[in-house]
Amino acid sequence: VSRTWKILAEDEVLWYRLCQEEGYLLDMSISDHSCWKLALKNCRAREHMLKSNWKNRVGAVSQLRHEPGRVLCDVHCCDGVVMAGYTSGEVRLWDTRTWDYTAPVLAAVAGPGGAGASPHVSFVRINSSLAVAAYEDGTVSVWSLLLGQEPIHHFQHNQRIQALALAPGGSAVATASGFQVKVESPDDKGFWQTPATFEIQKLVNFLNLVPDVTGSPVAVAAAEDIVYLLKAEDPGRILHSVYGQPVTCLDVAAHEAAFGIKTFGWLLNEPNQILLYNLETNQCVTKVGSSIGDFSCVNLHSSPPNMLVAGNKDRR
1 VSRTWKILAE DEVLWYRLCQ EEGYLLDMSI SDHSCWKLAL KNCRAREHML KSNWKNRVGA
61 VSQLRHEPGR VLCDVHCCDG VVMAGYTSGE VRLWDTRTWD YTAPVLAAVA GPGGAGASPH
121 VSFVRINSSL AVAAYEDGTV SVWSLLLGQE PIHHFQHNQR IQALALAPGG SAVATASGFQ
181 VKVESPDDKG FWQTPATFEI QKLVNFLNLV PDVTGSPVAV AAAEDIVYLL KAEDPGRILH
241 SVYGQPVTCL DVAAHEAAFG IKTFGWLLNE PNQILLYNLE TNQCVTKVGS SIGDFSCVNL
301 HSSPPNMLVA GNKDRR
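So the sequence shown is numbered by the numbering used here: it starts at 1 and just counts up by one.
Quick caveat, the hints were computed from the structure, so don't treat them as lab data.
All C-beta atoms in this analysis are idealised placements derived from N, C-alpha and C, irrespective of residue type, glycine included.
A few of these clues could be false.
Using 30 Å as the maximum straight-line C-alpha spacing, the simulated DSSO-like pairs for lysine-lysine come out as follows [unchecked claim]:
(1) Lys287 x Lys51
(2) Lys189 x Lys262
(3) Lys51 x Lys313
(4) Lys202 x Lys287
(5) Lys55 x Lys37
(6) Lys313 x Lys202
(7) Lys231 x Lys182
(8) Lys262 x Lys231
(9) Lys202 x Lys231
(10) Lys231 x Lys189
(11) Lys262 x Lys55
(12) Lys202 x Lys189
(13) Lys287 x Lys189
(14) Lys287 x Lys55
(15) Lys41 x Lys55
(16) Lys182 x Lys262
(17) Lys262 x Lys287
(18) Lys287 x Lys313
(19) Lys231 x Lys287
(20) Lys202 x Lys182
(21) Lys41 x Lys51
(22) Lys231 x Lys55
Per label pair, the in silico range of CB-to-CB distance [what the hints assert, rightly or not]:
(23) Val105 x Asp188: 30 to 38 Å
(24) Glu199 x Leu145: 27 to 35 Å
(25) His66 x Thr281: 17 to 25 Å
(26) Leu145 x Pro246: 44 to 52 Å
(27) Ser129 x Val75: 13 to 21 Å
(28) Val75 x Leu26: 27 to 35 Å
Turn these sequences into a full structure, and let the hints guide you.
Here's what the structure looks like:
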């Protein structure tokens with residue numbers, strides 16, 4: 001090997017750039033590793049191992065410990081941080097990136113009844129900066145992951161909350177209670193306000209906030225067989241509606257919404273499918289999947305470009 005090639009092979013700047021171009025260790029500077037060639041090799045090997053394990057269904061189950069006697073009501077995660085709500089009214093966080101991490105209990109706001117047993121947790125949601133919990137009595141609490149265990153905001157519904165949504169990369173919170181969808185978000189000074197309230201015709205089953213929206217938050221709600229696109233300037237827009245074909249799951253990305261529909265094949269000769277809608281044109285872009293079983297979940301926002309992942313009751 002010539003001296004020139006040998007110099008190139010040991011050039012830390014070159015290996016650092018290759019590592020960054022392949023999407024590894026993007027948050028590190030060149031001084032964080034003494035041998036970027038080895039770092040790139042290890043990253044490639046780890047990715048290969050993870051892909052192989054996923055394909056071959058090889059893995060290990062790790063339990064997040066909690067005191068017995070509490071029943072888990074809901075769980076959500078973001079970037080390795082897991083949020084869980086229990087029948088005791090407790091809300092806990094685990095950082096799975098640090099296994100000796102002690103899960104703190106997020107303090108709840110006292111309900112309208114004052115003292116007594118805490119209401120059950122109905123829903124929890126978390127993103128990179130906020131954690132939100134909705135309780136059985138209609139209370140909603142919001143915590144900042146940077147400011148400690150006391151809530152920074154809370155509000156109350158008069159009825160049970162049917163759905164809860166938190167913007168993936170923002171601070172907007174949406175709730176569905178009765179026939180009303182309510183959106184709360186902080187203004188430029190950090191004061192929480194209600195930029196939009198929507199009245200719809202049916203009870204909401206699924207609710208999502210559209211990510212990366214400038215201006216007022218935009219929500220997508222599925223209520224039985226109707227999917228609504230909820231904007232402050234156009235509050236009543238129906239994105240999709242076919243009588244007798246209920247929505248079974250929902251997810252949204254910046255410009256699209258994907259949801260599963262349940263058809264009655266013996267009547268309409270159509271299988272259950274996932275529909276993909278463009279949120280700017282309000283048109284159906286494509287229909288994917290063809291299954292006798294109901295689609296129970298769909299992931300659009302964190303799937304690779306031009307792809308989505310869905311789960312079905314037929315175990316596929």
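For lysine 287 and lysine 51, compute the direct alpha-carbon distance and say whether it is at most 30 Å. Holds, at roughly 28 Å.
Hey, lysine 231 versus lysine 189, does the alpha-carbon distance stay inside 30 Å? holds (23 Å)
Agreement of lysine 55 and lysine 37 with the hint, judged by alpha carbon distance not exceeding 30 Å: Within the cut-off at roughly 27 Å; holds.
30 Å limit on alpha-carbon distance, applied to hinted pair lysine 231 and lysine 55: Not OK: lysine 231 and lysine 55 at ~41 Å, beyond 30 Å, violated.
Hinted pair, alpha-carbon criterion (30 Å max): lysine 262, lysine 287. Please report holds or violated. holds (13 Å)
Does the structure keep lysine 262 and lysine 231 at a Cα separation of 30 Å or less? This hinted pair holds, its Cα atoms lying about 26 Å apart.
Satisfaction of the hinted span 27 to 35 Å by the C-beta atoms belonging to glutamate 199 and leucine 145: 33 Å Cβ-Cβ, so the 27 to 35 Å window holds.
Do the alpha carbons of lysine 231 and lysine 287 lie within 30 Å of each other, as the hint requires? Holds, at roughly 25 Å.
Restraint status (C-alpha distance of lysine 287 to lysine 189 at most 30 Å): Distance ~43 Å between lysine 287 and lysine 189 Cα, so the pair is violated.
Quick one, are lysine 41 and lysine 55 close enough, alpha carbons at most 30 Å? OK: lysine 41 and lysine 55 at ~21 Å, within 30 Å.
Hint check: lysine 202 vs lysine 189, CA-CA at most 30 Å. Holds or violated? It is violated: about 35 Å lies between the C-alpha atoms, which goes past 30 Å.
So if I understand the rule, the pair passes when the alpha-carbon distance is 30 Å or less; does lysine 231 with lysine 182 pass? OK: lysine 231 and lysine 182 at ~11 Å, within 30 Å.
Going through the hint list in order, the structure does not satisfy hints 2, 12, 13, 22, 25 and 26.
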